[in-house]
Amino acid sequence: MEKIPHKKAWIQCFLLTVFFFAGVSQQIQAQAKNVTGNVKDESGQVLPGTSILVIGTSIGTMTDFDGNYEVRVTEEGKRISFSSMGYVTQEVPYTGQETINIVLKEDRSQLDEVIVVGYGTQKAQDVTGAIAKVKVEEIERTNNTTAEQALTGRIAGVNTTTSDGSLGSGMRIRIRGGTSINANNEPLYVIDGMPIEVNYEVEQGPSAIDGPQSSPLANLDPDAIQSIEVLKDASAAAIYGARGANGVVIITTKKGQAGKAKMTFDVRTSLSMVPDSRFVDVLNTSQYGKNLIDRVQYNKGVYNPNALITVNTGGESYVDLTPEEAQVVFDNAANTDWQDEIYQLGVITNYSFGVSGGSEGNLYSIRTSYLNNEGTVKNSYFKRYNANFNFQNKINDKFKVVSVLAPSYSVKRGPTSGGAFNQRNMGSVIKALSRQPDRVVGQIEEDQEEGGIWLDPVTEAEKTQTLQNTYGFNGNLNFIYTFSKGLTANVRLGMNYMDGVNKAFFPGAFGRGQRSNGLGTRFHYRNLNLNAQYMLNYRTAFGQGNKHKLTLLGGYTKTDNKRDTEYIQTTDFEVESAGYDGLHYGLVPLAPETVFIEKTMISYLTRANYGYANKYNFTFSMRADGSSVFINDKWGYFPAAAFGWNAHNESFLKNAKAISNLKLRLSYGQTGNAGIPPYASFGLLNVANYAYGETTVAGLSSASITNPDLKWEFTDQYNLGIDLGMFQNRIGLTAEVYYKETTDLLLRMPLPISSGFDSWLTNVGSVENKGLEVSLNTINFDGDFKWSTDINFSINRNKVLDMGGAYEQTFDDQFTNGTTTGLLRVGESLGNWLGYETAGVFTYDDFVDPTVANPVLKPELVGKYGAGTGLDPIYGDLKYVDQPTVPVYETDSESGEEVLVGYTGDGIINGADSKIIARTQPKHFGSIYNSFSYKGIELGLFFTYKYGFDVVNGNRHRLNGTGGDNWNKTSEVLNAWTPANPTGTYPRPDYLADKRLTDLSIEDGSFVRFQSMNIAYNVPSKHIRDIGLTSLKIYSNVDNIYIWTKYSGYDPEVGVANGQRAITSAGLDYGAYPRTLNVALGVKVGF
Amino acid sequence: MKNIYKYYGILAVLLLIATSCHDELEKLPVSNLSQDNYYTNIEELGIGMVGVYDELAQSKDGYGEAFIKIATHGTHVATTFLGNVKQNTQAWYTFDNTEESFWRFWGSSYSLIYRANQVIDRSAQLIVAPDEQIVQNRIVAEARFLRASMYFNLVRFWGDVPLIKEELINVGNSSSPRVAAEEVYEFIIEDLKFAEENLYYASWVAGDRPSYGEADLGRATIGTAQGLLAKVYLTRASLNIDTSGLDNSYYQLAYDKAQEVMTDGHYQLEPNYGTLFTVAGERSHEWMFQIQFDFELLQPGIWGGVNGPKGNNKALDWTNLARSMATLELLNHYDDDDPRYQHNIAQGTLNADNSVKYNKNQNKSYVHKFRFTTKFNSAFNTDMNAPVMRYADIILVYAEAAAYLGLDTDAHDALDMIRDRARNSGIFDLNNVDFLASDGISPTAVDRSLTGEDLLDEIIWDRAKELCFEGTGKFDVFRYGETKFIELVANQLWDTDLTQDTNASNSPKPVPWGGNVQPKHILFPIPEAEIRGNSFINIGDNNEGW
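Protein sequence lines correspond, in order, to chains A and B. Following this note's numbering, the numbering of the first sequence begins with 163 at its first residue and continues without gaps. Following this note's numbering, the numbering of the second sequence begins with 9 at its first residue and continues without gaps.
Derived by calculation from the structure, the hints in this document are not laboratory data. Take these hints with a grain of salt, some might be off.
To be verified - Residues on chain A that point at chain B, a partial pick, calculated with CB under 8 Å: (1) Tyr747; (2) Ile764; (3) Gly845; (4) Asp1034; (5) Ile1070.
The C-beta atom is built at its ideal place from N, Cα and C for all residues, glycine as well.
Construct the entire structure; sequences and hints are all you get.
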C-alpha cells in the first residue's frame, strides 16, 4: 500500500504529542524478521483492522484495507494472535514462515464475550446473574444527547421514561420497577469503575423557577461510551450493597486497542422539530370566541335570547354585542397559533474527534467532542464540550496504571418547562397552550383573573433569561499491581465533581419579575464525590485440566460526598440591562442561603466465583456498608449467592446439534437503599423569625424530630434465568423471572398531627416487584444480505404490601393546587392517582322538569350522581358519580329486622367519592429492532411500545378545568353541552371549574413508537484508500419518527414530577416539552 | 529484595484500611442547628420563643389562611361568593374531615403547642441568674399564653381534643387520646392565670411590673391574658349548652374578668371605628392581640386581601381579589346609615376613582372592611394584621355575661359604649384617606327595656355588626348552641340580585346550601390526618354525626 508521506509525518507528530501526555514512550523494537499475510472471513471478505499481536511481546499491528499486514517477529516459536471484533480469535505459532494467511471464523456464540460486572469482568459463560449489555453499535444507532437515552428500549426489564423533551433533560430509569417510596429509585451508575449516585435534586435550589430537571449525567458524552451493562438481579448488584437495590448501570468508555493509531472524525448534523401533527389541539380564535359567547348566551345551561356580549380581543374592546356580532368580531380578529410561534426548527451539530492505539500494555484513547443543540423552543440551546482521556500504561511487568479523565462543560439556556400551578411560574409550553389565540406576539396586558401583567410565551422566551452552566470532571486512576500469577491488588482513586450555576433574570415589566420590579436569582452548587477502592483479586485454576476455577475478590471502599450551595436573590431593579450577571443592581437583596452537607460511606466487600468444568458456576458475595446518614444503625450487610449451569456443556447435550447454548441461572441476594437526604435522621432547628410591628426578630423552631434508629432499606431478590442459543446461536433467547421484596422501607409515616409534626421518616412497610423479561435475538438471513431481529419484552407488577399498618397514604401533587391526588394503598401498585369518576354531563334527561331554570334531579338519580359545585346540579354540569358509601337497610318483611341491602351515595360530592382513576405503570412494554445489511449498506428499524397505563393530562386539566375564560382550551370543549347542542358530552362552556382532578383528564397512554431508523453506508475501502482514509461511513439516524397512540397530548411517555412526587405523581404531563423528531446526517471518517 | 516490595505493598494497603477510622461515619449537620443541644441560656430561650410566635404567621396554615375560612365563612355573618367548590366547602357546608383547612389549622395549632411545650420544658431545665428570672418567667408566660390560645381555638372548634402538655421527645409517644373539653378548659385557665401573673404590660402602660418596648408590638401582655381569660370563662359557661345547660359561675368569672380589663383601662376604644382597619390603626390601643403581618418584612398575610375592598380592573389602589361576602341577614340587621355598615360592606366593586360600581352580573355584597392596599401584584398579600382580640370584644363579653347574670343595666351600658362609638365614627373615605362626618343618628342607643332572650338576641347581632369578618363568627354560632346555630346559619336567605330593582318579583329565597347544614356541624370533625396517625383515635370516635 502506498503511503502519503506528509500524512504519516503528521500522524507521528500527533502521536508523539499524545505520548507526551501519557508520559510514556513507545518501546523501540529489536531487529527482527518480517511476516506478511492477509486476513479474510469465511465468506472471503477481507478483514481490515484485524489486530495482530506477537504474544509475549509488545509487537503488534493491524491489517490495512485490503486485509494485508506486515509484522516483525523476533524469534521462532512465538505465537501470533489474530483478533477482530465479532470473530473468534486465532493463534498461530511462528515457525519461520514468511507468509501467514488467515481465515477468521465469525463468533456468534459470544460466550467469550467479556461482561463487565461489579469491580471486575467475567466471561459471558461464567456469568450467574441477570446482566444485560448494550454495545457500542447499538448506542450509535440513535441520536443520544444524554447517556441514558442510549438505554431506551434496549433492555428487557428497564423502563425508561423521559421526564420531558427539553434539552439535556433527564430520564427516569426503573430497573425492575420501583422499590422505594421516599428514598431514591434511580439506579446506581458506575462510570469506568467510579460509582455515581444519581440524584435528580442535584441542581435544585430554592430557585424562583420550577424548571425541568437536567440529567445529572447530562455532562457525559454518549459517543464516548463503549458499552453499558445493566446489573438487574441482586446477585449481580449486591456487590454494590446499599446502593444496589434499584439496579446498577455500568458505563464503560472507549479504550485504546493495540496497534497503529486509529483516528476517527465524526460529524453529525440533525434537524429537530415538533411536527404540527403532534401539536395539542387547542382552539383557534373563531372557536375560542364561540366558547366565550356560549358562556354568556347559554349561562347556567339556559338559553338567554337577550344575551349581550363584551368582547376584548387584546386591545379592541366592544360592549353589548349580539352573539352573531361578537362572532364576527372574533372571526376577523388575529388568529395566532402559539405552538407554531414558540416552536422552531432546531439544529443539533455534533463533532467528535478521537484517536486511539498503542502497543500492548500501553494503550491510549483520546476523544474530544462538541455538541451544539439549538432548541426547538425559541431562544433555547444546549452546548456541551467534552474530553475523554483513557490511558493504560504498563510501568513494568508487575505494575500497571489505568487513567480515565473526563473534563466537561455544558451550558444550557432556555425558558422553563413544567412549572408551578399559577401563571407566574408557568413554563413556556403551558403558556403556549393557554394563551388566547386572538392575541399577538409582544402584546403585554394585565390579567385580572391571574393577578398580574402577562405576555405571550414567545416574548417571554426572548426577554427573560435562564442559564445553567455546569462544569464537570469525572475521572479515576487505577493502580494495578500483580504480585504473582493470579494475585493482583488495585487501588482506584476517583473523583466526580460538578460545579453548576443556575442563573435567571425576570424583568420588572411583566410576569414573574413584575411583583418585585425585576427578579434576579443565582444558585451555585458544588458536588464533590470522592471514591477510593482498595481491592485484592486472586484468580486460580486447579485440578485435572484446570477443571476448577476460582476467583476471589476482597476490598475496602470509601465514598465521601460533599455538597456546598449558595442561593442569592435580588429584587427591585432600576438597572436591568446587566440581567442575571448584574444582580448587584437590585436594590433589595434577599438573605442569601448557604447549605453545606456531607456524607460518607465505608464499605467492605468480598466475592468468590467458583467454576467447575465450564459447567457449574457459583458466585457468593458479601458487602458491609456503613453510612453516616444513620445515627445508631449505621451498618448494613448485603449477601448474595448465585448458581449457573451451562447445560450445553453436559455430555447429554453435546450431541444436540440444534442447541448451541443452554444455561440456567438461579440467584438470590440482598441489596439496600439509603437514598435519603443526609440529615434526615436529625432533629433540626429552622429559621422561624417573627416580625413584631416594624422589626423582624430572630427565631428558631424544630423542623423535624430526631430518629436515631433510622436504618437501611432492604431488598431481597430472587432471579431465575435461562439463556438458550439454537442453530449455532442464530436464535438466542434469554428469559428471566424475578421476585423482589423491599422491606424496612424508608417511609414517611404519618404522625398524629397533634404531635406537632405531620410525618416522620422511619423504617416500616414493604413493596414487592415481580416480573418476567424476555429477549429474543434471531438471525433470519445470513449471507450477503443479512437480516436480524432483536425483541425485548417486559412485564413488571409491583404492589405495596404493607405501610406500617396504615391502609393508605395520600400525597399532594404540584399542579392541582393542594388536592391530594397521589395514592399509596396496600395491595395496589405504586404510581396511582386519586380523583373523581364522572359520567358525562347532566342533560335534560336527568331532571324532572327540563323546562325550568332551576331543575330538580330525577329522584332515582339522587345518591347516584351529583354536581361538583356543592350545589344542586343544573344542565351541563359535570356529572360526578356519587360513590356508594352509605349503607342502605330495609326492613325484612318476615323477621322485621333491618337488613343491609346495598350502598348508595350520600348526596354530596366530597372526599369520600374519590377513587383510583389512573394507574401509571405499564402492564407490559418492549421493543423490536430489525437490522438489514447488504454489502456495506445497513438499515435498522427500531420500534418500542408500552401498553396499559394512564397518563394524567395536566395540560387539559389546567386549560379546561381550572383555567378561566382568558385561557385557551383544548378542542374537546367544542363538544360542550349547550341548549343548542344537547348531545354534547363536555360540561357547559360556563361550567365553573372546581379544580378537582376527574377522570376527564385521564387518558390511556398505550403507544407504539417508531423509535428510530438508522441507515448507514460504509464506503468500500478501494474508493477511499487513495485519499488516505481507512474507513468512511455516511449515516443517517432518524429518531422518534412516529407514534401511534390515543393520547391527545404531545407524548404519552412523560413524567414531570420530581423527587418523591416522581412516584406519587408519576405519569404527569403538565407543561412538558414535546419530544422532538430528529433527523440526523453524519459522516464518520477513520484514518 | 522483590519480596520486600511485595510485603511493603501489602502493608501499605493494610495501613490505608487501618487508618481510615470509622469516626468518619459521624457526620453532624453543619448548616442547621440541632434541637438536641439548644436552649442553653436565656437568649436562646428567647429565640426559641420567637419561633413560637412564628407559627402564628404561617402562610397557609393557622391564621395565614385556614383560620379565615373555618372561622368566618359559613356563619350568620359571612360566606363566600366563588363558584370554586374547594374554597366554598366551609361556606356551603360541603366539607368532610379530609378538608384541607381543618388539617392545616389543627396541625398548625398543635405545631405551635409543640414549640411552646419545648420552650416551657427547656426553660424548666435552665438555671438563670436571679436578675434574669423575670425575663425567663415572661418568656414562659408568653409560651403558655400562646399555648392556651391554641387550645382555646381547638376546644371551641372540635370539643374534646388531645391535650399535649409536654415536649415530644420520643416519637413512640406521639399519639394522645382526646380528653374532655372541661379538662382542656382547666388547662387553658391555668396557663392564662400564669400568663396574667408573669407577662409584661403593653408598652404604653406603666405599673408594678415591667412594660414591653414599643418595638415589641404583637407580644402577649397582661391585659391580653386577662381579656382572653374573660372570653374563655364566657365560652366555658356555655359549654354543653345543648345538654347540661349554662354554668352561671363561669358567667360571673367572665363578668369579673371583663370588668377588670375595663377598670384597668390599659385598652381603650378607638374614637373612629374605621381607623382600626387601616395601617395607622394597627397601633391602636383598642387592639389587644393581633397576628403581625408585614409585606416588606416577608411576613405577608392574606386577611386584608380576602376581606378588603374588591377593586375591578379599573381600580388603581385596591386591586384586592376579595373573596368574602356578607350575608343578607347581616345586611338586614344594619341600619343603612350605621357607619360600620358603610365601612364594612360594599355592594359592588371599586372603580378607578374608588366609587363603588354596582355590577348587574355580580349580585354580591363584598366585604369592604380592611383597608389595606395589596402590594403591587402580590395577590392577596397585605400588611394587614390578623385580628384576634380587641377591647370592643371584651366589652361585649361583659355585656353578654351581665345579661346572663340578670344585670341588664350593665349589659345596656356596655352595648351603648359600643354603639356610641359607632355612631360617632366618621366614615373612612377611600379617596381622601380621611374620615367624613357621620350623621350621628345610627346606631341608636339600646332599648333599655330589653331583657332576657331579647337582650341576648340583641347582643348576638351587636357582636356581629361590630366584630364581623374578624374571626369571631364561627366561635359565636357554635357557642350559642344547636338551636341557635341552625336558626342563624341554615335559615339564611339570599337575594339573587340585590341591586337590580327592576325585577321586583325576585324576592329573597333560602340560600341553596342551607339544606346542607345539620346539627352535627355544631362541631368540626376531627381531621382525617389526625385519625390516620393517632392510635388512640379511631374512625368511630369522631364527633357526633361525623
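Given hint Ile1070/A near chain B, where the shortest CB pair must fall under 8 Å
At 6 Å from the nearest chain B Cβ, Ile1070/A passes the 8 Å test, so the hint holds.
- Query: Against chain B, with CB atoms and a cut of 8 Å, does the hint on Ile764/A hold up?
  - Reply: At about 6 Å, which falls below the 8 Å cut-off, the nearest Cβ of chain B leaves the hint on Ile764/A intact, so it holds.
Measuring from the C-beta of Tyr747/A to each C-beta in chain B, is the shortest one below 8 Å?
Check failed: Cβ of Tyr747/A comes no nearer than 20 Å to chain B, outside 8 Å.
* Closer than 8 Å between Cβ atoms is the bar; does Asp1034/A clear it against chain B? Give me holds or violated. => 7 Å, holds
With a cut-off of 8 Å on the beta carbons, see whether Gly845/A makes it to chain B.
With a closest approach of 5 Å, the Gly845/A hint holds.
The structure fails hint 1 only (numbered hints given earlier).
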